[in-house]
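Novice: Throw the hints in and build the complete structure from the sequences for me.
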Amino acid sequence: MGISITIKLNMEQNFIENEIVFLTKPTLDRFLKEENPGDLIALYTFFYYTAKWQQTNIVKATSGYVKKGLKWGIVRLTNTEKTLIDMGFIQKIKRRDKNGKITGWYVKVNYIFMRSTVENILETVQKPLVDETTSCKQETNALSNGNINALSTNKETPTVAPPFSFQEELEKLQTSSWKPNKIIALYFSKKGFQFQNRAQWKSEYNRNLRPSKDLEGYSGAQIDRVMNYLEESSQGKYEWKLETVVKNIALTLSGKI
4 MGISITIKLN MEQNFIENEI VFLTKPTLDR FLKEENPGDL IALYTFFYYT AKWQQTNIVK
64 ATSGYVKKGL KWGIVRLTNT EKTLIDMGFI QKIKRRDKNG KITGWYVKVN YIFMRSTVEN
124 ILETVQKPLV DETTSCKQET NALSNGNINA LSTNKETPTV APPFSFQEEL EKLQTSSWKP
184 NKIIALYFSK KGFQFQNRAQ WKSEYNRNLR PSKDLEGYSG AQIDRVMNYL EESSQGKYEW
244 KLETVVKNIA LTLSGKI
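Sequential numbering of the sequence shown, starting at 4, is according to this note's numbering.
Errors might be hidden in some of the hints.
The calculated label-pair distances, taken between Cβ atoms and stated as ranges, are [what the hints assert, rightly or not]:
1. Ser257 with Lys104: 29 to 39 Å
2. Gln203 with Thr178: 15 to 25 Å
3. Gln170 with Lys101: 11 to 21 Å
4. Lys36 with Asn200: 16 to 26 Å
5. Pro40 with Gly195: 26 to 36 Å
Within a straight-line C-alpha distance of at most 30 Å, the following computed BS3-like cross-link-like pairs (lysine-lysine) qualify [to be verified]:
6. Lys63 with Lys101
7. Lys175 with Lys85
8. Lys55 with Lys95
9. Lys259 with Lys28
10. Lys185 with Lys175
11. Lys85 with Lys74
12. Lys70 with Lys104
13. Lys250 with Lys85
Everything labelled a hint here was simulated from the structure, so no lab data went into it. All C-beta atoms in this analysis are idealised placements derived from N, C-alpha and C, irrespective of residue type, glycine included.
Specialist: Printed below as a string of structure tokens:
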């Protein structure tokens, strides 16, 4: 009862969105599929926490600040940060002055629960929770002199997700700096997949993360050769998958493919 009263009072005073850090099940599911889930959870939560107390989803978080906060080394931080960027959870933003000089680097935290979502969750607390994360895209610069912040109650309207475009998502994978994304893009193209919605896309993408990582040590030409070999040899008699590529990729080393 005491906790319920406190939450209600905080909400009435517009403090609730600044007091809670949410990590949804789908978010944790994605992190747990990675090789370093603990580091991803720790760093993303740290950025989320920083966004809360800085009152903006574009945070000032230098490498020194993060290393000190998490007690990490630079290599661990750099690798984990790169993975979060490739997964789409954060973005690095560069600020310049009117003369084009770089004035600072910032981190945009892409998924933050807004106050309206928190209210909805508390109102339906006895119902199963659904994933209602919203991307806090700003109409104004949260770091401007006016200090308009993305988490304030004056800018609470959740952004509507853009319509799903398979081609756009495929191009994001193809141009990604993370090799497993490029491998998945090649696989999707070879198979001729045409996903109709984001749920289909996410399901197949997540399923192929593991085998794509197993292929990181091989060149794009080797992977392409095996895919072409499997496509020709199967002749529609069986369905080859990315796991099949993993099982046959070593044959490129002996010249059998």
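Novice: Check the structure against each numbered hint from earlier and tell me which ones fail, lowest number first.
Specialist: 1, 3, 9
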